[in-house]
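Colleague: Listed below, chain by chain, are the residues.
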Amino acid sequence: MTGKARLLRMILGRLVLGLLTLWLISVLIFLAVSLLPGDIAQQILGQSATPETVAALRRELGLDQPLLQRYLDWMGTLLAGDFGNSLSNGRPVADLLAARMGKTLFLAAYAAAIAVPLALFLGILSAYRRGSLFDRAVTGLTLTMISFPEFFIAYVLMLFLAVRLPFFPTIADYGSDAGLIEMLHRTFLPAMALVLVVTAHMMRMTRAAIINLMAQPYIGMARLKGIGPLRVILVHALPNALAPIINVVAVNIAWLVSGVVIVEVVFVYPGLGQLMVDSVSNRDIPVVQACCLIFAAVYILLNLLADVLAIATNPRLMHRAG
Amino acid sequence: MRFWHPMPWTARFGAVVIGLYALLAIFAPWIAPYGEAEILGGAFELWGGDHLLGTDNLGRDLLSRLIWGARNTIGIALATTLLSFALGAILGMAAAANTGLIDQVLSRLVDVLMAVPSLLLTLLALSVFGPGVLNLILIIALLDSTRVYRLARATTMNVIVLDYVEAARLRGEGMVSILWREVLPNISAPLIAEFGLRFCFVFLTISALSFLGLGLPPPTADWGAMVKENAALITFGDITPLLPALAIALLTVAVNFVVDHLLHLASGLKE
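Just so you know, the protein sequences line up as chains A and B, in that order.
The numbering of the first sequence is this note's numbering, which starts it at 1 and goes up by one.
The numbering of the second sequence is this note's numbering, which starts it at 323 and goes up by one.
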């Protein structure tokens, strides 16, 4: 088999695996409602509910149908873009999501656009200058940062940069007709909170990946041949470092997802995270399921993309034939 | 004194802080000047006077609630981590010992659970099962045990092929005895370091959920919830609501420092 065909097969395999994971997660999210011993309708309505209202809610949730039938119906309507209706206000879940999804994506993209280059730069630099004052300072700082709860970082930023020095607003919502500059300004603090959390995790893993790589014998060989340090890093180390770095970026998107939930609540930002938290306290299960599914799908697809990129950029897979 | 002597100052600092928190948590009822949910005066009183750190949004003594909070927040995080470890380590070792159907089923299940950020599944489970301390502990322990499972399985796999395990098997030791007496002592170093990391993660998760209003039910003093209850003060430039968050941060930093040292020891004192 040629290198190209081999590469294609690996990428296809990864695609199938990723889609399978996504499907299994959808089953899990669907099943969560059926896992409860007893009846979810009774649970939601409480002990004082009349049998009629319980029966009505059961019908509303489709609980009077067999499990497989329910799953197929749920999946079918889902694929058509219909997420059912909210239990607390009866509005279609899809409408609730549509209004908020853009805000969350904007915030996450804003944070990622700063955090990813920053983390990679710091990670590579501190691995390169391992043991130096810079390395120890950055490593210590990031260790402290990952120990802080996200809401602590968010409130500290708010206290100093929005209240004591009123550079930024404490409430991040930018309304519907703000220009890009105003959007970036209003969401600066929540984005910064996310950047600090994500950069800390990402930088530590990047540093570890690079150090691991630099310990490989072929790097030692390159050095012994008398090649300059810059050339060792750029020509010898970097091509092989690309795959682990892409992986590090993908893994750390998880921190962005959970961070966004908290940060949105702190800055009263009407995104998906806040919707999800509100729906959990109201036990509005269709909305929680939908939010969970969207976050999970985005996360899995980004990881899938990273996997494919990591395979495609791996120089070892390009050359070895058969 | 291999543990203490070559210890860097960070790890010493961490160990001392953990000790102080433990004392505070254990002796909270004797140390705290007031009761956990006692309403004593006006809301948001300033620092000083009868209330060293002022009062909270309902007029409860903030210092007392901080001290009681140590007991509640750390206690629940510890219980959750222990449960997660018991579950993950037992299943992980069992799966490594009987590579077959059980291993396949468990490992694939763990793969699926770990394929998405655990906060998502925690929120989903909380919305289905409802809030409450027991639900919180069970849900987080189950989701977190996936990581312990992976570590226990991988480390057991490495140890179980060694000669002394084979010798024990030929001696007629049963599988449970082999896992307990031969394998466990040899995988305990990475497991102990992992315990610290898992504790931090669980502790931060529970604090985050409490902060979101999905944690311990009021009026229990809980650090995450205390931040949320008093958050309004921040918009007036007051740092009081940050104190519970600082308490969380300090403990996590301390545990991380000690874990870093343990990992360093476990890796065979390199560098």
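Keep in mind that the hints were calculated from the coordinates and are not lab data.
Errors might be hidden in some of the hints.
[Said to hold, decoys possible] Covered stretches of chain A (in silico footprint by chain B; criterion: 3 or more residues with CB under 8 Å from a CB of chain B, positions within the stretch not fixed):
#, segment
1, 23-31
2, 148-160
3, 259-266
4, 274-288
[Said to hold, decoys possible] Example chain A residues on the side facing chain B (calculated, C-beta under 8 Å, incomplete):
#, residue
5, K4
6, T77
7, N85
8, V163
9, F168
10, A254
11, F295
12, A296
13, Y299
14, I300
15, L304
This one's a predicted model, so the numbers in the text were calculated from it and none came from an experiment.
Where is the CB? At the ideal position from N, CA and C, for every residue including glycine.
Colleague: Are the hints correct? Go through all of them and say.
Modeller: Going through the hints against the structure:
Beta-carbon proximity to chain B at under 8 Å applies to 4 residues in the segment 23-31 of chain A; the threshold of 3 is reached and the given coverage holds. Look at the segment 148-160 of chain A against chain B: 9 of its residues bring a Cβ nearer than 8 Å to a Cβ of that chain, three or more, so the hint holds. For the segment 259-266 of chain A, the stated coverage by chain B is satisfied: 4 residues place a CB nearer than 8 Å to a CB of that chain, which reaches the threshold of 3. For the segment 274-288 of chain A, the assignment as covered by chain B holds, since 9 residues bring a beta-carbon within under 8 Å of that chain's beta-carbons and 3 suffice.
With its C-beta approaching chain B no nearer than about 29 Å, A/K4 sits outside the 8 Å limit, and its interface hint is violated. The closest approach between the C-beta of A/T77 and any C-beta of chain B is roughly 19 Å, which is over the 8 Å cut-off, so the hint fails. Because the smallest distance between the Cβ of A/N85 and any Cβ of chain B comes to about 16 Å, over 8 Å, the interface hint for this residue is violated. For A/V163, the interface hint holds, the least distance from its beta-carbon to any beta-carbon of chain B being 5 Å, beneath 8 Å.
Hint status for A/F168: violated, given a least beta-carbon distance of 13 Å to chain B, over 8 Å. A distance limit of 8 Å between C-beta atoms decides the matter here; for A/A254 the minimum to chain B is near 4 Å, and the interface restraint holds. For A/F295, the suggested interface contact is upheld, since its CB lies about 5 Å from the closest CB of chain B, less than 8 Å. The beta carbon of A/A296 comes within 4 Å of a beta carbon in chain B, closer than 8 Å, and the hint placing it at the interface holds.
With a least beta-carbon distance of about 6 Å to chain B, the hint placing A/Y299 at the interface is held under the 8 Å criterion. Proximity of A/I300 to chain B holds as hinted, the smallest CB-CB distance being about 6 Å (cut-off 8 Å). For A/L304, the shortest C-beta to C-beta distance to chain B is roughly 10 Å, which exceeds 8 Å, and the interface hint is violated.
In this structure, the earlier hints numbered 5, 6, 7, 9, 15 are contradicted, and the remaining ones agree with it.
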